[in-house]
Every structure is written in structure tokens, then in C-alpha cells.
Amino acid sequence: MHELSVCQALLAQVAAVARAHDAQGVRAVRLRVGPLSGVEVSLLKQAYPVASAGTLAESSELLIELAPIRVKCETCGAESEAQPNRLLCARCGDDHTRLMSGDELMLMSVELVI
Amino acid sequence: MCNTCGCNITPGNRKHAYTPVAGTTAVSVLQNLLAKNDDQAAHNRAHFDQHGVLTINLMSAPGSGKTTLLEATIETLKDAFRIGVIEGDLATENDAARIRAKGVPAHQITTGSACHLDAHMVHEALHHFPLEGLDFLFIENVGNLVCPASFDLGQHRNVTLLSVTEGDDKPAKYPVMFRAADCVLLTKCDLLPLLEDFDPARAEGYVRNLANDAPVLRLSARNGQGLNAWFDWLRQTRAQQQARLAAGGTTRPKARPEGAPLNETPA
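Sequences listed follow chains U and B, in order.
Using full-length UniProt numbering, read the first sequence as starting at 1 and increasing by one per residue.
Using full-length UniProt numbering, read the second sequence as starting at 1 and increasing by one per residue.
Please note: incorrect hints may appear among the correct ones.
[To be verified] Covered stretches of chain B (chain U as the covering partner; in silico rule of three or more C-beta atoms under 8 Å from a C-beta of chain U):
| no. | region |
| --- | --- |
| 1 | 35-49 |
| 2 | 86-100 |
| 3 | 107-113 |
| 4 | 166-177 |
| 5 | 201-211 |
These are computed hints drawn from the structure, not numbers from a lab.
Please read these numbers as outputs of a predicted model, since none were measured by experiment.
Note that CB positions come from ideal geometry on N, CA and C, so glycine has one too.
All chains, full assembly: derive it from the sequences and hints.
Laid out in C-alpha cells, this is it:
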């Protein structure tokens, strides 16, 4: 979608965390991203070095954990894996499901050099 | 839950939160990457609620008939309701001019090259666009089935248009967008007799595959077919919101803005 601007929002948060801890630098940034977040992981990885250049996070590592798509069926109660365009219950096929995981776009942690 | 004290760390995600590595300190954050946008969106929503206006975000591909639908909607509802429109486009004022020609206030946001509206752009627009006395505010997003879905603007409901000149498998191809829809409008249905490839039932089936039970309405702003169901949805949605506001509550689009904390159920 707009991975460079997402990277810039990410780096602003990373910088705030680094400042709050008086860090000298940032070694790694960990994200958790789901396929339904609308963000393309490969584009995010490409944008990161560009966006982080000249910041405290320059040359830090971007570690992305992919969140699986999981739904919980409100009819039969089963929890199952699903596809981005098929969020049906794998057990009973019902479409009354709730997304448990898969739309995350979350900054999990930052490894700081103190 | 807040994003500062760590109370958003739950047993389910604790294992992701802290990974000590020699020589460095790992600081747990667990914050949505779009948190700044979402904070601004919440501020916008509070602003809308203060003025008792129901805000609807219209999203679709370019050319699916958002502005034409708004013109038809204004035509019918303008005597009963006070309507305002915020238009998002890359370059021109054309859409705002079309809306003003119908006698309702319109503000144009020209995004330059940005492919979507965000909460900050809408907030900026609100400085030039008085909400006093409005019943409905429509925000016509930039024509795009990808990016607008990920940015909360502070709206109460998302409406996604799919014109029958597009493929009926659009909901399967753009699941993030159609999962976010509180109401799906199949537009230009007067053309259906010419378009044998487009099966409205199949389009609706793809929406259901996204576990989305939103109404899927078939209409044509050109010949008026199906428009009454859309107007009824608007009136009903507004009445429900008025009741929520009277009880001190509000509402958000059904699908969480992307990355919002899991297990949080919108009111």
C-alpha cells in the first residue's frame, strides 16, 4: 500500500522508545504482521533501509514475524487456519467467524544499544 | 488498554514481547504501527460525535460511481437531512464542484500523489469545514481498493462500492477492503443486462467468504433502481447512532482498523 510511510511511522515510534531509554543506537526492530493488515512484507523490508538512513535506527535489522490467519467459529466454536479471501470455519464451513489473528501490524519490541 | 505501561501484554502475546540478546536491551512496545493515525482518528470521531453527525467513508475503485451516488443521495435526502461532503482526490476540484452544484457544502482534499486519505488530512479539512447542524458527513475516499482500507479516519461506517463493470470477484481479490465494509453497494446495475459475466449473487458470495455479513445492495444511481434500500440503510444507521449518542456511546466500522489490539470488540 504505502510501505514507505508505514516505515516512517514505525521509525518515529522506534525513535521515541530509543529516546526514552537514552539509547546510543538501535540494533533490531521486531514486527508482527498479518496478511490482512494490507502491508506487503517484502516492500516493507525494501523501504526500511531507505527510511532508517540517518536515524538512530540506521543499519538496524528489521525482523518480521508473520502472523497466521486464524478464525474462531461463532457457530461451532472451532478455531482454524484460514486464507485471506476465505475466512470460513474449516470444520463446519460457516461464515460467522471472528478473526483471532492475521490483521496485525504491530511493533513488538526494539533492541537498543544502551 | 494503553500503549505505554505494558498492560497490553497478555498471556497470549507475552512470548513475543521480550527477547533478551547479549549486549543490548530489548524493550517491549506492542504498539500498532499506525497508532498515530488511530489516535487522530479517535479525535476526529469525538469531534463528529460532539456535533451529532454520522460520518460515512465511501471507498471503491476509481470510476465506480461514488460521486454520482452522492448526487442522487443528496437529491433525495437534502430536504430531510443536512448533508456535508469531504472529497478526496489526487488533483482536481471536480467532484466537490459537482456536490456544491447540488446545494450542499463540500470540501476538497487534494492529496497530490497520496493514494488514500488519512486521519490527519481529514482533521485538517475539518478546520475549514464546519460540522454545526450537519446530520450526515460523507467522506469520499480516493478511488483505490487497497490503501484506504488500512487508515481509520474517525468515520462511523465504511461503505464500499463495486460497480458491475468491474469483476464480480473483486471481494476475493481485495479482501482487506471488502472485509472492512459495513455495507456493500453493487452500482450501475442498470448495465447488468449487458454484462453477462457479472453475477451479483457470486459477488455477494465472495463477500460472505470474508465472514462479512454486511448488506449487499444492488442499485443504479442513473435510473434509480434499488436506491430506496440504500436510503433506508442510511436513515436506519443514523437513527441507531443517534440512540447510541443519547446513551453516551458511539460506534466504529465493524472491522477493526488494521493492527488494533486483538480481542477488542468495537462498540
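Outcome of the hint check:
1. 35-49: holds (count 3)
2. 86-100: Violated: only 0 residues of the region 86-100 of chain B have a Cβ under 8 Å from chain U.
3. 107-113: It is violated, with 0 qualifying residues against the three required.
4. 166-177: The restraint on the region 166-177 of chain B holds, since 5 of its residues have a Cβ under 8 Å from chain U and three suffice.
5. 201-211: That given contact holds, which follows from 5 residues of the region 201-211 of chain B lying within Cβ reach (below 8 Å) of chain U.
Violation of the numbered hints given earlier is confined to hints 2, 3; the remaining hints are satisfied by the structure.
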